[in-house]
Amino acid sequence: MLDDFFIRALLVGIGMALVTGPLGCFVVWRRLSFFGDTLAHSALLGVTLSYTTEINMALSVFVISSIVALILLKLQKTTNLPSDALLGLLAHSSLAIGLVVIGLLATIRFDLMGLLFGDILAVNVNDIILVWIGGAIILIVLKIIWKPLFASTVNFELAEAEGMKPEKYNAIFTILLAAIIAISIKIVGLLLITGMLILPAAMARNISDNPMQMVIFSVIGGLLSVLIGLFASLEINTPSGPSIITAGLLLFILSLSRIKKKTQLNN
Amino acid sequence: MTQINNSLVKLENVGVFDNDKWLVKGVSFEINKGQIVTLIGPNGSGKTTTAKITLGLYKDIEGKVQKFTEKVAYVPQKISIDWTLPIRVNDFMNLTNTLTNDEIKDALEITGTPHLINKNLKSLSGGEFQRILMARAIAKKPELLVLDEPVQGVDFNGEIALYELIKKISDTLNCGILLISHNLHVVMSKTDHVVCLNGHVCCSGTPIDVANNEKYQEIFGKDISKILSVYEHSHDHIHKIDGSIEKKK
Chain A
1 MLDDFFIRAL
11 LVGIGMALVT
21 GPLGCFVVWR
31 RLSFFGDTLA
41 HSALLGVTLS
51 YTTEINMALS
61 VFVISSIVAL
71 ILLKLQKTTN
81 LPSDALLGLL
91 AHSSLAIGLV
101 VIGLLATIRF
111 DLMGLLFGDI
121 LAVNVNDIIL
131 VWIGGAIILI
141 VLKIIWKPLF
151 ASTVNFELAE
161 AEGMKPEKYN
171 AIFTILLAAI
181 IAISIKIVGL
191 LLITGMLILP
201 AAMARNISDN
211 PMQMVIFSVI
221 GGLLSVLIGL
231 FASLEINTPS
241 GPSIITAGLL
251 LFILSLSRIK
261 KKTQLNN
Chain B
1 MTQINNSLVK
11 LENVGVFDND
21 KWLVKGVSFE
31 INKGQIVTLI
41 GPNGSGKTTT
51 AKITLGLYKD
61 IEGKVQKFTE
71 KVAYVPQKIS
81 IDWTLPIRVN
91 DFMNLTNTLT
101 NDEIKDALEI
111 TGTPHLINKN
121 LKSLSGGEFQ
131 RILMARAIAK
141 KPELLVLDEP
151 VQGVDFNGEI
161 ALYELIKKIS
171 DTLNCGILLI
181 SHNLHVVMSK
191 TDHVVCLNGH
201 VCCSGTPIDV
211 ANNEKYQEIF
221 GKDISKILSV
231 YEHSHDHIHK
241 IDGSIEKKK
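Going down the list, the sequences are from chains A and B. Residue 47 in my numbering sits at position 47 of the first sequence; the count goes up by one each step and never skips. Residue 227 in my numbering sits at position 227 of the second sequence; the count goes up by one each step and never skips.
Source of the hints: derived by calculation from the structure; they are not laboratory data. Don't take every hint at face value.
[As the list claims (entries may be wrong)] Derived lysine to aspartate or glutamate pairs resembling EDC-like cross-links, with alpha carbons at most 20 Å apart: (1) A:Lys77 <-> B:Asp20; (2) B:Lys71 <-> B:Asp20; (3) A:Lys165 <-> B:Asp60; (4) B:Lys168 <-> B:Asp91; (5) A:Lys168 <-> B:Glu103.
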């Protein structure tokens, strides 16, 4: 069964959606969407590193993204620049360095499009294993740190005053983001990973009124996006990664009608 | 002295220097179990800063803070919750601890807000939210409770009832309370120890000591401080939180 490229794509997409759902909620709650982008950009540097040193790609992306994330946390504490300026600084400079390194490696054939947009139809059994095991680890860690992370998301000072150590859990969460980017880079690519984090969560926000509900809807939204996107790409021959994101957008648009009804009810 | 056993937090000559000026300097006090310590002072005198130092929210401070308990609850003066987060009162009550439904219900009952349990935080009024903040802090059954202007936005009757409640909490839970308030007249009668701040400790002691202190009268104006000095509260009736009045037995 795993011989079929489409089944492999489905398995890996489902595994990814199960993880991006809950993580995406935190990304939306914590206003980190641009942060996800920054990490994804810095992943390019990780990819080039893996080409030059022949380390596993997921590992090198994970390491570089984590380093960039920790540099950001450090800069936020030591400079007076606003977070978005720091994010822009890190995103563009790490992207630039990544491209410079690619330039230096002119002898190596490099599928830049594949890297930017991913190729879910080209995944192999090892990728499936990586996504499911990596994803399971991310979800287990998220479950363990859920309470302090959620408390520090609601209010940092309150969490800190009551001994929840928000700084520590923020850092762990950042590492989890780097990890999901590392395992999904091959599937949806650098440019679409934040879409996969944000779209289902944004859709879920429109139709939920408590945190747990939002997480569940976000997972469902992600799964539906993967299914619709993949079948669409099979039927009408569209690129699969962008099709998944477009499906997510359609779900988001559908969810808007629900908000409208709600506000009318409130009035 | 049994101080070592009873002391919850001890500040020794603490201060914070930020952006080229001292936010507060040279503050010392101690909070023991069952004691209410009140911070008063004009705007910008460092009350909230002092509360945050006590909670350990400042990393770079001068002086020494010793905290002898981990069971701390905090009612901040201002709290901004991002409305991208859908969160009900029920979820908020469980924010930093895990409570049973009964514990949540009891705490909401005490602050007169049991009907709000399934409401979204976003839909609460300022006064309702303030009571929820109190309920959450009480439900934790803390050893040290830090209340930064806990009654702002609460209507007058509710305010008195909440202060009665604070006194009751300190008695029943035997916890130490650090209270910040500008409502001197109500606060003073409930307090064991008053610290009057104005960038530094300008005077401190029992409510009566402070009310009669010249520096205190200077800060708050002689007339006002006389009128408001110590409001000895001895009614023959009780103001309930919902505003109704009940005869004392």
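Status of each hint after checking the structure:
1. A:Lys77 <-> B:Asp20: 18 Å, holds
2. B:Lys71 <-> B:Asp20: 34 Å, violated
3. A:Lys165 <-> B:Asp60: Distance of about 17 Å is within 20 Å: holds.
4. B:Lys168 <-> B:Asp91: 26 Å, violated
5. A:Lys168 <-> B:Glu103: Violated, because 29 Å separates the two Cα atoms, which is more than 20 Å.
Consistency note: the structure conflicts with the earlier hints numbered 2, 4, 5.
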